[in-house]
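Q: Using the sequences and the hints, build the whole thing.
From first to last, the protein sequence lines stand for chains A and B.
Letter 104 of the first sequence, counting from 1, is numbered 140 in this note's numbering, and no numbers are missing.
Letter 98 of the second sequence, counting from 1, is numbered 118 in this note's numbering, and no numbers are missing.
For lysine to any residue, the following SDA-like pairs were computed, each having C-alpha atoms within a straight-line distance of at most 25 Å: (1) K62(B) <-> Y51(B); (2) K77(B) <-> N38(A); (3) K62(B) <-> I74(B); (4) K113(A) <-> V147(A); (5) K62(B) <-> Y102(A); (6) K96(A) <-> E23(B); (7) K98(B) <-> E78(A); (8) K98(B) <-> H30(B); (9) K62(B) <-> M43(A); (10) K62(B) <-> S94(A); (11) K92(A) <-> H119(B); (12) K62(B) <-> L120(B); (13) K62(B) <-> I146(A); (14) K104(A) <-> K62(B); (15) K62(B) <-> E105(B).
For the record, the hints were derived by calculation from the structure and aren't laboratory data.
Keep in mind that this is a model prediction, so the values were computed, not measured.
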Amino acid sequence: GNSVTQMEGPVTLSEEAFLTINCTYTATGYPSLFWYVQYPGEGLQLLLKATKADDKGSNKGFEATYRKETTSFHLEKGSVQVSDSAVYFCALSDQGGSYIPTFGRGTSLIVHP
Amino acid sequence: EPEVTQTPSHQVTQMGQEVILRCVPISNHLYFYWYRQILGQKVEFLVSFYNNEISEKSEIFDDQFSVERPDGSNFTLKIRSTKLEDSAMYFCATGPPGHLTRGEGYTFGSGTRLTVV
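A: Below, the structure is given as structure tokens:
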């Protein structure tokens, strides 16, 4: 079946540090990959997506590249801000299957001034 | 920006009681979903709903659970006889026509934290 594995959190960084949150996946078909973000007290929001191998999704300074050879979709940002503190969820939607997204556990990011 | 609204934000209930969680979707969205996240665990799919019927459900969504859209606006999740292990954050999500086949994401509500005591 499909699954998503994210690195354990919390990830604690100082402002302007480089961020990487690892995500690897297992899928039976040809998945689309997503990163969602959940700010405190809010719902999950789509941050970025990639629909095929080697695509790079980007938004708000975050980016992630769909790596089929390593089955990964790691989230990166060159310089984090305090306002980036949130929980980040990696997800996949198997275009060859039921389409219903499968989510990871979420990784909490805490950015200190 | 349009929002998905969930109520209540937090509910505490006694074991064995029935609870109803409510969701108001974005007006032009036709696909509705419930997910849950037990503390520290994955966000798990429960059920999808389209055209007034369940289109897909997971193993978690057993006879204890039901969904409906009683008045054409609210989308509800009912848990008939709550158990301690039902304590979780429950998320409603909605999507416009074709959102999944286009590889698009959902719009989520902010969740209802259910605590069963």
